[in-house]
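Listed below are the residues making up each chain.
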Amino acid sequence: MIALAHPLALLGLLAVPVVLWLHRRRRRAIPVEVPSLLFVEGEPERPAAPERFRLDVDALLAAAAAALLALAATAPRALAGLPGRTVRVVVDQGPAMGASDAGGGPARRAEEVVRGIEEALRPGDVLEVVQAAPPRLLETARRGTAAVRILVSDRIPAGADPTVHVVAVGTPVRTNVGILAVDVEDRDGERRVFVAVGNDRDVEARVRLLAGGEAVEVAVPARGVASVERRRPVAAAVDAAGVEEVRIDGDGGAVAADDRVVLDVRPVLAAFAPPETGLSGAHADAVRRALDAVAPGRWKEVPPDAAGITLFVSTGAGPAPRSGDALVLRLHPVPPGVAAARRQPGAPVRPPDPDLADDLDVTGVELWYDPAVARGAPPWPLADVVRRDLGVVLREAAFWPDPLAGTPAPVDHPIWPLFVENLVAARRGRAGASGWGVAGTLDAYVTFPGHDTAAFDPAWIAAAPPDRRPRERPLLPWLASGAAACLLLLWVVPRGRRR
Amino acid sequence: MSRPAADHPGAGSIGLDRDLFPASFLRLLAVAPGLVRRLRTGAAAGPAVARSPGGPFLFRGHREYRPGDDLRRVDWGVLARHDRVVVREFEAEREARSEVWFDGSASTGPMGGRAALARACALACATGLADGGRVRLGVLRGGEALDLVAADDPSRIRDVLVALSEDRPAGRAELARALPRLRVRMPASARFILVSDLLSRADPGALHAFAGRGVAGALLHLRVPPLWSPQPGGLWEARDAETGEVRTVRLTEEVATRMADRAHAHAERWARHARDTGLAYLPFAPSTEPEALLRRLAREVP
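Residue numbers (the working numbering), protein chains in the order written: chain A, 1148 to 1646; chain B, 4 to 305.
Just so you know, these hints were derived from the structure itself, not from any lab.
Possibly wrong hints are sitting among the right ones.
[Stated by the list, open to error] Residues of chain B clear of chain A, computed beta-carbon distances all greater than 12 Å:
1. P25
2. G37
3. V88
4. S203
5. A212
6. R226
7. R242
8. R250
9. T255
10. R261
11. R265
12. A295
[Claimed, not checked] Pair by pair, the computed Cβ-Cβ distance ranges are:
13. A/A1632 to B/E240: 31 to 37 Å
14. A/L1635 to B/A179: 26 to 32 Å
15. A/V1165 to B/R21: 54 to 60 Å
16. B/R275 to A/V1179: 18 to 24 Å
17. A/W1168 to B/A288: 34 to 40 Å
18. B/A288 to A/L1635: 34 to 40 Å
19. B/V34 to A/W1168: 32 to 38 Å
20. B/R250 to A/W1168: 55 to 61 Å
21. A/V1165 to B/T255: 27 to 33 Å
[To be verified] Some chain A residues judged to face chain B by a derived CB distance under 10 Å, without partners named:
22. A1176
23. V1475
24. A1601
25. D1604
26. W1607
For each residue, glycine too, the CB sits at the ideal point set by N, CA and C.
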């Protein structure tokens, strides 16, 4: 039915009433002047019997209507069959795109660029708009099949790819001063707050920071970074909320998102559900070591029935935590026959699931199977570990392929720290400049606004060869539908009213 | 009503409808007097006895008696002297008068009826003038009998043609009222020719009023197809030319057959009454050749 939405199809459908009108006109009474009605008297005014099916007339109508419906069905097929181009547009969603300037900011200009690209499309072209964030802009632009790849960002990335056109919508005049890193550590009865501030201006910037209720002046050199560390005793009253806020007091430049950081400094309370024997025990030890690696000194193991559990590690059918706020990590049994596992280096082993958001980072895990154990087709020849910034809405995560089971792989296999790091980040705050906590160091590239400008050229699309072939549609169902519709029409219309 | 004289029916075309009277018809009219005389001469020796081959004034001679001859014309003296049964013949009446009246109703207009009717009237007038008699042409319309033109010489046939050209079919003839009035005006022993499509509810018995006055002549029945259908089974919205009444009928084969039967019965009824009255019944159609109609007029109309 989508095909019938084509203008030519609608035109064909409009022709059907015309045919019906011609049909009725052809069978209407013909006016004729006669010398006298003397000999007509006694004849019925209208046919008394229902009109018979007229093969010569009704079949003609059916054929004409069928032809029109076939035209309506095939005309859009011909047009839909025009070769087209897939235009993949990657729009930078990094914090720097949120910079404000007199022109509305890079984000607004990026929307205008996308509208311009949409207007430059030709019949048959398809537009794919993908949102991505640095530093995976070029990588996202290269994905998939497309005839034209366009990256809309506030700067022209280094290492230009000739297959990707870059439209730069940076802000040439505005600069930024922002928080690049915040870290908090409680040690020896005092809290240490580390703050790093970046400056992309050509002159030195003096920034007034508010951290832990205290103000401190920081002189940030031109196009440089300055850091400061504040120490204070841990005060139960002040730190009861478990939140550490750091913000710039005053003009923070073009990007407002990196002027304030709120960090959850509460320790990760991890509980491990029994039994910890066999493989389950090995899994629990692997998680503990991963926590030591990604959150040293910021996690504590508590009993499964303790209150305020952050991370609850369990087996596939194991118990659940009492608190609803805990993040549950279920370690499922190993698929039978798995002999070895390792992380697939490089690109993912398969394209991302189209249902997943584009900002997911899919890491492939390749499994080896023991032919002596595996029977038939392996249930999970490939498995994906989805590494993403786990939001607070995430309440349960599952880890199915066990890279440790029956393998000589070390317990500090890179999959475990990656996985657990995400869990911890989900608990403490996402790294970034959009209001989440920053535990670690950010790249200034992410937050400082770009100054490049490059316009979109419609010739990029016009000169690109088509990559979409026409889709063939079977004609027979349409013809059959048209014939059925005609017969239905002839049946529905009262025969006494047809002339 | 008198018209300017003309030497030839085709001389001049002022007032002459060329659609009604094409050149071929005018050529036929020019030779009509001689043709009529020849035809009537031959008919006198034919097997059929004419009802009145002439008036009672100028004796022409005797001929052998044939069954059906009027016994009053038997010459009893010759029978007594020579023992032969012969009848007396007389020259045609020089003062014979032809009354040509046509139906002027609107029903004669459609489907070529008007042209056929006008040519039949012209031929009837030409036949009457061929014998050296006088002709009066009139129209029956609205229950009235209206004179159009009177002619006493074959050269006046053009007046007849002009009068027929100027008359247009209109209204209704109302034969039931017009025929009795015409009968009152009809001179005795006149040659009466009525040209009509007879599409009327009038009683054909009205023709009997003309009997007993020595009136002879013919009823020229214009017959056009009551309905014309190029496609069998077509639906027709038939409008009566006279009354404007509209009827929608499907002209199937059965309907057409019934209509033809009614038309045939109607014509037979008028023909029977015409014969009983002493009038010859001559049906004709728009497709009838004028020369054929002229021959029938000369041979069959007394």
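Hints, verified against the model:
1. P25: holds, 23 Å
2. G37: Holds, since 35 Å exceeds 12 Å.
3. V88: holds, 50 Å
4. S203: Violated, because the least Cβ-Cβ distance between B/S203 and chain A comes to about 8 Å, which does not exceed 12 Å.
5. A212: holds, 23 Å
6. R226: At about 10 Å from chain A, B/R226 fails to clear the 12 Å cut-off, so the statement is violated.
7. R242: violated, 5 Å
8. R250: Non-interface label fails for B/R250: nearest chain A Cβ at 6 Å, not farther than 12 Å.
9. T255: violated, 8 Å
10. R261: violated, 7 Å
11. R265: violated, 4 Å
12. A295: Answer for B/A295: holds, closest chain A Cβ roughly 22 Å.
13. A/A1632 to B/E240: 31 to 37 Å: Given range 31 to 37 Å: holds, Cβ gap about 32 Å.
14. A/L1635 to B/A179: 26 to 32 Å: Given a distance of about 58 Å, which is not inside 26 to 32 Å, the answer is violated.
15. A/V1165 to B/R21: 54 to 60 Å: violated, 44 Å
16. B/R275 to A/V1179: 18 to 24 Å: Cβ of B/R275 to Cβ of A/V1179: about 31 Å, so the range 18 to 24 Å is violated.
17. A/W1168 to B/A288: 34 to 40 Å: Given a distance of about 39 Å, which is inside 34 to 40 Å, the answer is holds.
18. B/A288 to A/L1635: 34 to 40 Å: violated, 50 Å
19. B/V34 to A/W1168: 32 to 38 Å: For B/V34 and A/W1168 the Cβ distance comes to about 57 Å; the hint is violated.
20. B/R250 to A/W1168: 55 to 61 Å: violated, 25 Å
21. A/V1165 to B/T255: 27 to 33 Å: holds, 30 Å
22. A1176: holds, 4 Å
23. V1475: violated, 82 Å
24. A1601: At about 75 Å, which exceeds the 10 Å cut-off, the nearest Cβ of chain B leaves the hint on A/A1601 violated.
25. D1604: violated, 67 Å
26. W1607: violated, 65 Å
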